[in-house]
Amino acid sequence: DEFVELFRRNHWPILREQLAAGRYTSVELSTARFHDTGDAAWDVLVSITYRDWAAIQEHSDADLVLRLYPDQDAFKAEERRRFELLEAHWDVVLEPQVLER
314 DEFVELFRRN HWPILREQLA AGRYTSVELS TARFHDTGDA AWDVLVSITY
364 RDWAAIQEHS DADLVLRLYP DQDAFKAEER RRFELLEAHW DVVLEPQVLE
414 R
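Heads up: the sequence shown begins at 314 in the working numbering, then just goes up one per residue.
It is worth saying that the hints were derived from the structure and are not from the lab. All of these numbers come straight from a predicted model, not from anything done at the bench. Heads up, some of the hints might be wrong.
What the hints assert, rightly or not - Taking CB as the label site, the calculated pair distances span:
#	residue 1	residue 2	range
1	R346	R321	14 to 22 Å
2	R380	V359	37 to 45 Å
3	R414	R380	21 to 29 Å
4	S373	E413	33 to 41 Å
5	T344	R414	17 to 25 Å
6	W403	W366	14 to 22 Å
7	T344	R380	24 to 32 Å
8	R393	E413	41 to 49 Å
Claimed, not checked - Here are the computed lysine to any residue pairs in the SDA-like style, where the Cα-Cα straight-line distance is at most 20 Å:
#	residue 1	residue 2
9	K389	H372
10	K389	A375
11	K389	D374
12	K389	H402
13	K389	A345
14	K389	L407
15	K389	T344
16	K389	L319
17	K389	E315
18	K389	E330
19	K389	F320
20	K389	E318
21	K389	H324
22	K389	R321
23	K389	P326
24	K389	R329
25	K389	V317
Here a beta-carbon is modelled for each residue, glycine too, at the ideal position from N, C-alpha and C.
Please model the entire structure based on the sequences and the hints provided.
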């Protein structure tokens, strides 16, 4: 819950700006609805769909972070805490595959 709260406060505004700029076509946040057996690989899943490959390669949020968070010390402290809460973190780029009909 603390991770999701920090995510919503500090990372979602950056992602929302990227959506508005057209760099992302969608951002979804998911959490498990039910308790699992404990061997699940994740508790929180964020899926970002980029406009195209060029949007992935031009990845830079530095200007947005400075504009959205003038108190950089507070922002960095909360982001540090958000990452302390992580047991693991993956960035997986998926390649869509066309299925024939």
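field: Consistency of beta-carbon spacing, E413 to S373, with hint 33 to 41 Å
entry: Holds, since S373 and E413 (Cβ atoms, about 38 Å apart) stay within the stated range.
query: Within a Cα-Cα threshold of 20 Å, do K389 and A375 meet the stated pairing?
result: It holds: about 12 Å lies between the C-alpha atoms, which stays within 20 Å.
query: Is it true that the C-beta distance of T344 to R380 lies inside 24 to 32 Å, as the hint says?
result: With a Cβ separation near 29 Å, T344 and R380 satisfy 24 to 32 Å, so the hint holds.
Pairwise beta carbon distance, R346 to R321, judged against the given window 14 to 22 Å: At 18 Å between Cβs, range holds.
task: For the pair we were handed, K389 and L319, check the Cα-Cα distance against 20 Å.
output: holds, 11 Å
message: Checking one constraint from the list: CA of K389 to CA of E315, max 20 Å. Satisfied?
response: Distance ~16 Å between K389 and E315 Cα, so the pair holds.
message: What's the verdict on K389 and P326, does the C-alpha distance respect the 20 Å limit or exceed it?
response: Roughly 15 Å between the alpha carbons, so the hint for K389 and P326 holds.
- prompt: If you check the beta carbons of W403 and W366, does the distance land in 14 to 22 Å?
  reply: Once the Cβ atoms are compared, 19 Å apart, the range 14 to 22 Å for W366 and W403 holds.
message: Just to be sure I understand the hint, the distance between the Cβ atoms of T344 and R414 should be within 17 to 25 Å; is that true here?
response: Hint violated: Cβ distance 34 Å, outside 17 to 25 Å.
message: Checking one constraint from the list: CA of K389 to CA of H402, max 20 Å. Satisfied?
response: holds, 18 Å
task: Kindly confirm whether 21 to 29 Å is satisfied by the beta carbon distance between R414 and R380.
output: violated, 46 Å
task: Take a quick look at whether K389 and V317 sit within 20 Å of each other, Cα to Cα.
output: The hint holds at about 16 Å.
When each numbered hint is compared with the structure, violations occur for hints 2, 3, 5, 13, 14 and 15.
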